[in-house]
Structure formats: C-alpha cells, structure tokens
Amino acid sequence: MHIVYPVVVSALLFSIGVYGVLARRNAILVLMSVELMLNAVNLNLVAFDVWLRDRLHGGQVLTLFVIVIAAAEIGLGLAIVLAVYRNRQSIDVDRLRDLSETGASGEAGPPEEPVGVGEDADREARP
Amino acid sequence: MTFEAPGFWPPSGPEVVFLLLGLVAVGSALLVVTTRQLVHAALWLVLCFGALAGGYLVLTAEFVAWVQVLIYVGAIVVLLLFGIMLTRAPIGRSADLDSGNRWAAVLVALATAGVLVSVVVAGFGTAYAPLEPGQGAAKPLGSSIFRTWVLPFEALSVLLLAALIGAIVLSRTDIRGRE
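Those protein sequence lines, which keep their order, are chains A and B. Take 1 as the starting number for the first sequence in the working numbering and just add one per residue. Take 1001 as the starting number for the second sequence in the working numbering and just add one per residue.
None of these hints come from the bench; they were simulated from the model. Here the structure is a predicted model, which means the values were calculated and not measured. Mixed in with the good hints, there may be bad ones.
[Said to hold, decoys possible] Heads up, simulated SDA-like pairs for lysine to any residue below, C-alpha to C-alpha not over 20 Å straight-line:
no., chain 1, residue 1, chain 2, residue 2
1, B, Lys1139, B, Leu1030
2, B, Lys1139, B, Val1150
3, B, Lys1139, A, Arg53
4, B, Lys1139, A, Gly58
5, B, Lys1139, A, Ala79
6, B, Lys1139, A, Leu56
7, B, Lys1139, A, Arg55
Bound conformation, chain A alone (with noise of 0.2 Å):
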C-alpha cells in the first residue's frame, strides 16, 4: 500500500471539514463538520502506524483514543447547543451576535458590521 493514497484521502477529507465548518450555519452541521476532519486525522494516524510499523501501536491506540474524545465531544456541543436552543429557539451561528465586539447586541443589528461576515446575518436579523 502506498501511505500517499490514504494520507491524499485525509487530507481531502480535512479540506472538506474545513470548508463545512466555515460555510455552514447550522451549528449541528459545524459539529458534523467537525467530526469528518477528527476522521481525517484518525485516517492519518492509521495510515503513518502502518507506515512505521510501530511496535507500542501509537498511531491505532492514539487513534482510539481520539474517537473517545470525538464522542465526549459531540455529547458535550449537542448539550451546548440544545441549551442554546432553548434560549434563542435558533442554532444558527451567525445569528448568536451577543458577544461581538461591535458594541451593540445581536438582535439589534450592530452598526458596524465587519466586512463580508456580518451583512446576511444582519438581514437576516431585521426582517
């Protein structure tokens, strides 16, 4: 097996995590997102243990190890966000504005809204 073929899949992989954590609004999606590149990097280090031959197995046991925590994780955000939701009735994240630094809250729409990020957010909040 040539260790180009799965490290190229990981890395598409991560590109396209990364390109679902940035593009998405719903925040469950940003988790699902954010589970395909922790799957990537699970990909990489099944690919490198075999490569190196390990004796301990570093790279599968890390690899385990990084599951376990995905999934403490994705109990933990979708406790997050459900208790977001509960407050707002909205998981969209470009909508929860409160802490941004432009001054006024979320809901009102801040006057300054920072190039590109915030215009569709804005309409959104103002209809």
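Dock chain B against the given chain A, drawing on the hints supplied.
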C-alpha cells in the same frame, strides 16, 4: 520503513479497494457539507464513516474499524439525529443552511486542500508499506493499551466521565446556577 516500493501502476488489489472506498468517503463527505436537507447530511455521514471503516480494514486496522462502526456510526450519528430532532429542524429542503461567507469558505478549503495535498505528496510520495494482516487485531492493540498506554487510557476514562456529567448538567433544566 524502507521497502522496495513497486510503482504506482498497476495498483495492487488492496490499493484499488482503498481508493474506491476513499472515493466514496470523500464524495459522501462533500454531500454532507453541501446537501440542503439536514437529515440527509447525517445519513451521508453514516456512509462516509462506513467507507472510512472499510478503509481501516484494508489498512489492517481491524479493531479500529470495528470501533469506528460501533462509536461513530452507532452512537455519534444517532446522537446527531437526536440533536436534529430536538432542535425542531425543518424536515425537507431548507434554503438557509449555508451562511453568507460561503465563497470565502470555498476559497479557504481549496487553499487548505492544495497546501496539504502538495505537502503530503512531496513528503510521502515514495513511502510504501506492505500490508500484513493481524497488525491491528484486538489482541496486540489491547495488550499495548493496557501495558504501555494505560495511564492515558485511565485519564481518558475520567475525561469521558466528566464529559458525561457535564452534558447531563448542561441539558437538565431544573439545575440552576448559584443565586
């Protein structure tokens, strides 16, 4: 690490299988991040994780493959589907799943893919490892977890317990903060 590497053409049988599985994984991952239906994204995620588990099997990491099927496909996707249901997501097409910075995201993702793929091809283009079955079976993996890696394993158990308690506390509504 240094083996007599055969050429890239013709690819061996395991390589063909792995490339097909990788194609399925990358294609379904693309559908996860581009589909307009929330539930379909979770179902494409199942396909992506399943194809990756097949890839682990081809790479002789059997135990990791079954753990992947058990935890990712069995637990995480079910949890995501529950999250979709509990947030009353619209079933069917919804137009506003992508945010406004979509084209910037395309740009960043393409740049990431370009950099990563060119670096790994330049760095590991000639790396070759013959596959030996039994390397990642449960027995060698379990003995190395419980001998060498037992301390991180226990720390991870505590972390999992902490995450469990944290999720319970976060999702219960009758636990208030201190007055």
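Now for the hints, and whether the structure bears them out:
1. B:Lys1139 / B:Leu1030: Not OK: Lys1139 of chain B and Leu1030 of chain B at ~36 Å, beyond 20 Å, violated.
2. B:Lys1139 / B:Val1150: holds, 15 Å
3. B:Lys1139 / A:Arg53: holds, 16 Å
4. B:Lys1139 / A:Gly58: Roughly 14 Å separates the two Cα atoms, so the pair holds.
5. B:Lys1139 / A:Ala79: Violated: Lys1139 of chain B and Ala79 of chain A sit about 35 Å apart, past 20 Å.
6. B:Lys1139 / A:Leu56: Measuring from Cα to Cα gives roughly 12 Å; hence the hint holds.
7. B:Lys1139 / A:Arg55: Given pair Lys1139 of chain B, Arg55 of chain A holds - Cα atoms ~13 Å apart, limit 20 Å.
Checked against the numbered hints above, the structure breaks hints 1 and 5 and satisfies the rest.
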